[in-house]
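**Q** If you read the sequences in order, they're chains A and B.
Take 1390 as the starting number for the first sequence in our numbering and just add one per residue.
Take 471 as the starting number for the second sequence in our numbering and just add one per residue.
Take these hints with a grain of salt, some might be off.
Simulated coverage check for chain A against chain B, where a stretch passes if three residues somewhere in it have a Cβ under 8 angstroms from a Cβ of chain B [as the list claims (entries may be wrong)]: (1) 1400-1406; (2) 1494-1502.
Some chain B residues well away from chain A (every beta-carbon gap over 10 angstroms; in silico) [what the hints assert, rightly or not]: (3) Y497; (4) L514; (5) E534; (6) S554.
Hint data in this document are derived by calculation from the structure and do not stem from the laboratory.
Glycine included, each C-beta is placed from N, C-alpha and C at the ideal position.
The residues making up each chain are set out below.
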Amino acid sequence: NAGVTQTPKFQVLKTGQSMTLQCAQDMNHEYMSWYRQDPGMGLRLIHYSVGAGITDQGEVPNGYNVSRSTTEDFPLRLLSAAPSQTSVYFCASSTEGLLLGGNEQFFGPGTRLTVL
Amino acid sequence: AQSVSQHNHHVILSEAASLELGCNYSYGGTVNLFWYVQYPGQHLQLLLKYFSGDPLVKGIKGFEAEFIKSKFSFNLRKPSVQWSDTAEYFCAVNAPDSSASKIIFGSGTRLSIRP
Chain A
1390 NAGVTQTPKF QVLKTGQSMT LQCAQDMNHE YMSWYRQDPG MGLRLIHYSV
1440 GAGITDQGEV PNGYNVSRST TEDFPLRLLS AAPSQTSVYF CASSTEGLLL
1490 GGNEQFFGPG TRLTVL
Chain B
471 AQSVSQHNHH VILSEAASLE LGCNYSYGGT VNLFWYVQYP GQHLQLLLKY
521 FSGDPLVKGI KGFEAEFIKS KFSFNLRKPS VQWSDTAEYF CAVNAPDSSA
571 SKIIFGSGTR LSIRP
């Protein structure tokens, strides 16, 4: 299994440009999520999905869109990039359902995005 | 809403020193609690988790954490740190009555170990 993969690893955008960060997992996980990591602020949840066709907002959803057409893929779209979106973005997946113990998140390697 | 506080932003220790990283959460109901670690240049990995039973939880690499419900705390400990423990540590909470997978992270504690 490749686990959780993310592309690209690095990206530089100009203000106002749009782009899509790709995330895929091959573990048949129902739950997928996007976080951004900023110094001193930890990881903040942007959007998440509990299954194909179902998405919901996290803590910091503004400026980002997501969709979940398949179980495997969960792309994150920046419609009009802003310097405040400069960050490292992590995608994560896990099983869903009422499992005891809470569900371990499996993280991708991250995408480092710079918006000029 | 759930929230997680990690009050130590940067901790510097010498090898063999004992470690305790603080974590407090705010949520009135049943919670699942986690510690994740991010080694330099790597992505996050699960260190340990608590969901029920013995409040003292043992994880990988000699780490343990104690859940104290009355204090809303889940502090991470290790009796003797090694240089290889240099990393960033994140406490996280999940409220299983919302989604069993939705996790909120603290701001992280950077641990630097002097050889």
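**Q** Among all the numbered hints in the text so far, which are the ones the structure does not match?
**A** 1, 4
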